[in-house]
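Visitor: For reference, the chains in residue letters:
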Amino acid sequence: MAEEVKLIRTWSSPFALRIVWALKLKGIEFETVLEDLASKSPLLLQSNPVHKKVPVLVHNGKPVSESLVILEYIEETWKEKPLLPEDPYEKASSRFWAKFSDEKLLPSVWTVFISQGNKQEEALVPALENLQFIEEQLEGKKFFGGEKIGLLDLAIGWMADMVSVLEEVTGLKLIQEDKFPLLSAWIEIFADVPEIKESGAPREKLISKFQAIRDAYAATK
Amino acid sequence: MGGSEVILLDFWASMFGMRVRIALAEKGIEYEFKEEDLVDNRSPFLLKMNPVHKKIPVLIHNGNPVCESLIAVQYIDEVWKGKAPLLPSDPYQRAQARFWGDFIDKKVYDHGAKIWKTKGAEQEESKKGLIECLKLLEGELGDKPYFGGESFGYLDIALVPFYSWFYTYETFGKFSIEAECPTLIGWVKRCMDKESVSKSLADPHKVHDLVLILKKKHGLE
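Order-wise, the sequence lines are chains A and B.
Position 170 (the first sequence) corresponds to 169 in numbering that gives the first Met the number 0; numbering is contiguous.
Position 177 (the second sequence) corresponds to 176 in numbering that gives the first Met the number 0; numbering is contiguous.
These are computed hints drawn from the structure, not numbers from a lab.
Every value quoted in this text rests on a predicted model; they were computed, and no experiment measured them.
We put the CB at the ideal spot given by N, CA and C, even for glycine.
Misleading hints may appear alongside valid ones.
Pair ranges (Cβ atoms, derived) [to be verified]: (1) A:ALA190 x B:GLU123: 44 to 52 Å; (2) B:GLN92 x A:GLU121: 43 to 51 Å; (3) B:GLY141 x A:SER11: 30 to 38 Å.
Between the sequences and the hints, there should be enough to build the whole structure, so can you do that?
Guide: The structure is reproduced here in structure tokens:
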């Protein structure tokens, strides 16, 4: 049966980008359906009626939502070039840190970048703590997945381009090389992986977008 | 698995802990239940086993901690493969189970907690939110005996512990979950017929008494 794989995404969503990376790393052909969240398509509303969010993977007409769920689905459906380790404890560890990335790390880093003055200083405390946890996970490893890229690299991959964009927009260096040597090194080699390098959103466009968001937050104070 | 040491660090009223208890019971795994007193102080042992979130439950297998209840349930399913499979074998169905498990974590818990923590308009909104979520879950159940289909599984395990807290939500919120979601309550009763569930769930009246203590302690009367 001919496989039909569609990925509903926006041009900038870091969650959707994970899925692009996974599909490319596994060599899976797919069609991108670009979504404008200000005016959601019937396809999106039908495919993800519960959250109405991107990304959604539609495989032979069947939709899967929530990026980490989609990553596991891709891993279990296309078994070549595995992204998860075989050992159940290592798997559990990858899942734990992927969840941590989404529920704690990303929100705490985001808060730093949309805050000003004192509030930003306060927001730095949990963000740096969270970054330290992640830094420790890289000890003795090239990628979070070990010698090769794994699911956890894809889950944390938003750091690779997003953080430098946010740092440029705010003038605040969050991931300082002397404080986070392993993370800094990982960002460079992750960003250099061909499938990752060719997939990023245009940097100038991201800068404009986040500048506008930060300005909007500053204006509401 | 000879010489396997399993400890569950838990709190008797935690619906997340109950999930892990049920999974262990389904697989017939012997384990040591270590009660953590969450009302007052967190023990040094908990802080060592879950330094990131400082939360229960923590499943400790041969000294290795697995945190986050649904990650622990998947871990249990993968390590003790031979008996009572908890996740379906089909990748698409597994994705659906994970999606709804994630939905329960993100929505049901928060709405429920707000019902006993707040009053007035905020409480009304939370009641509405909870019922909406439970109705969506009822839709997912359909006319199947369990969320897993013919057999009890991951998604049943993810949701059924909340039943221990329904009496608390209903009493403080002054509403009846059974009146709004009769099919769901029918499913609860079917699950409670299983020893793994009935032995793992906390007594709803005891949970209510605990909440009275918590409300007093946090000045939420």
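Visitor: All the hints need checking, so say for each whether the structure fits it.
Guide: How the hints compare with the structure:
1. A:ALA190 x B:GLU123: 44 to 52 Å: For GLU123 of chain B against ALA190 of chain A, whose Cβ atoms are near 48 Å apart, the range 44 to 52 Å holds.
2. B:GLN92 x A:GLU121: 43 to 51 Å: This hint holds: roughly 44 Å between Cβ atoms.
3. B:GLY141 x A:SER11: 30 to 38 Å: 37 Å, holds
Violated hints for the displayed structure: none, as all numbered hints are satisfied.
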